[in-house]
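Protein sequence lines, in the order shown, are assigned to chains A and B.
Using this note's numbering, the first residue of the first sequence is number 1, and each one after it goes up by one.
Using this note's numbering, the first residue of the second sequence is number 238, and each one after it goes up by one.
What the hints contain is simulated information worked out from the structure, not anything from laboratory work.
Careful, some of the hints might be misleading.
Partner residues aside, some chain A positions facing chain B, computed with beta carbon under 7 angstroms [said to hold, decoys possible]:
1. 35
2. 138
3. 173
4. 184
5. 185
Only a predicted model underlies this, so the values are computations on that prediction, with no experimental measurement involved.
Note that the Cβ used here is the ideal one computed from N, Cα and C, for glycine as well.
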Amino acid sequence: MLLSLLATARADAREHLQLFVVQPYLELHTGPGRGYPVTQVVARGESVDVLMRRTDWFKVRTEHGVEGWAYGPDLQHTTLANGAPFEVNLGDRAGFTSHRWESGASAGAYAGATLISAYQGLSLTDHLKVELSASQFLGNLSNGYLLDIGFSHVFMPEWRLSPFVTLGGGYERVEPKVTLAQPLTTDSQSAYFGVGARYYLARRLFLRFELRGHEVFTNQNSNEVKNEWILGFAFFY
Amino acid sequence: MDTRICILLLSSVALGCGGCAIFHRHSDQSAPSQEPTSSTASPDSDSSSAPPTVIEPQVERREIKVPTIHPSNVELGAYYGEISIQDFGAQPVAGLRLDYHISEDFFGEITYGRAKGGLTSFESLSNVLLLSDAERRFTYYNLSLGYNLLPGEVFIGRNLAMTSAFYVIGGVGSVDFAGDQNFTVNFGAGFRVLPTDWLAVHIDVQDLVFRSDVTGVAELKNNLQATIGATVFF
Chain A
1 MLLSLLATAR
11 ADAREHLQLF
21 VVQPYLELHT
31 GPGRGYPVTQ
41 VVARGESVDV
51 LMRRTDWFKV
61 RTEHGVEGWA
71 YGPDLQHTTL
81 ANGAPFEVNL
91 GDRAGFTSHR
101 WESGASAGAY
111 AGATLISAYQ
121 GLSLTDHLKV
131 ELSASQFLGN
141 LSNGYLLDIG
151 FSHVFMPEWR
161 LSPFVTLGGG
171 YERVEPKVTL
181 AQPLTTDSQS
191 AYFGVGARYY
201 LARRLFLRFE
211 LRGHEVFTNQ
221 NSNEVKNEWI
231 LGFAFFY
Chain B
238 MDTRICILLL
248 SSVALGCGGC
258 AIFHRHSDQS
268 APSQEPTSST
278 ASPDSDSSSA
288 PPTVIEPQVE
298 RREIKVPTIH
308 PSNVELGAYY
318 GEISIQDFGA
328 QPVAGLRLDY
338 HISEDFFGEI
348 TYGRAKGGLT
358 SFESLSNVLL
368 LSDAERRFTY
378 YNLSLGYNLL
388 PGEVFIGRNL
398 AMTSAFYVIG
408 GVGSVDFAGD
418 QNFTVNFGAG
428 FRVLPTDWLA
438 VHIDVQDLVF
448 RSDVTGVAEL
458 KNNLQATIGA
468 TVFF
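One chain only, chain A, in its complex shape (with noise of 0.2 angstroms):
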């Protein structure tokens, strides 16, 4: 009875997400690409089994066992089994306004030494996020690393070009290149202070500038200021 029961829940329980055509046709691509030609397409009413995704393109099986590559926008007109609509996040503006993560890379300048940067941001709301930078300076008398964590805020989320401001705190690693009159390396505590701008280029992608002030708390008398500006891409998922 137990085996029988486990025999009809796997057959209850689809491996793939099934898709119903409600237009008059679905086009299949031979490859996940606009530029792929079309050499077959399903008819209304029959269905398709989505296999797996890459970018904005599914590849899917038919009934008749013929696979092809369907692309997203074209799929947002099928349904599901229940009937509700399919529906797929594309990464287009409405994404950029609200999404979960984004990852992006960049290079810029700190302190005067040539910076590279890289991020990762998670979305708590469409306006305010925890982001981690790791960055890299080399500079002509010394090199070095920071580590920083912090908030950003958006202001206007659903802009093209939309402004944010940044704050939180770090650490920072400098690596004198002349010993001889200097200490070893260094390691201080920072908080930074910074504004900036992102701008929507293409699908999950966008520009992302960035001006930061750090207050690096050192062992002397006072702390010092050091610059930064970032200049990169990010993308969004």
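We have chain A already, so just place chain B on it with the hints.
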């Protein structure tokens, strides 16, 4: 005598029919009691005051688990090839590559590679070594953005077609060489072929450019590398 018997039989039949009628009425009266309490009210009494109540079926709905769609946008793999480290000869290079396909046009890439510089012509002729063995290690990482310039298909024979793309790529990074870390700009082009949906073969040519004074004069160093590699899509 026969007439009396007929009257007797007819009387008994008439009584029997009457008894059946009594039982029938009894069964009619008992039938409504089996219906749900929500509809126990007599239709005769409610027909003038309220509409008939709809019976709600007591059925437990099964929860249908919708299968998730497997995204396959991340590529992870390794490569091997040759790098021409300026002034230090052409040497084998090996590295790791992590790609994320942002859209059908753009992808981001992180690479980490290692090589080891050889002897400069000055060192070979004079037997004076400019760098120690550890300083000859050429280690780099790059953060790059790629663009699939020419997506297409390649064909092997009559029955096998594989998706492919010729792409251009560029980015920034760092090279650790000759005891110094140098800001590096990388740019180049590559060709990607996918024998299956989850496997890709890459052929890449890139230039890693950085400014260095390791040979006495600060100048831009061009380090061309050509590699072949394989990646797996996740």
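Residue 138 (chain A) as an interface hint toward chain B, with CB separation required under 7 angstroms: This hint holds: residue 138 (chain A) lies near chain B, its Cβ roughly 5 angstroms from the closest one there, short of 7 angstroms.
Status of the hint placing residue 35 (chain A) at chain B (closest C-beta pair under 7 angstroms): 6 angstroms, holds
Hint validity - residue 173 (chain A) Cβ closer than 7 angstroms to any chain B Cβ: 13 angstroms, violated
Evaluation of the interface hint that places residue 184 (chain A) against chain B, nearest CB under 7 angstroms: 16 angstroms, violated
Evaluation of the interface hint that places residue 185 (chain A) against chain B, nearest CB under 7 angstroms: 13 angstroms, violated
Going down the numbered hints, you'll see the structure goes against 3, 4, 5, while the others check out.
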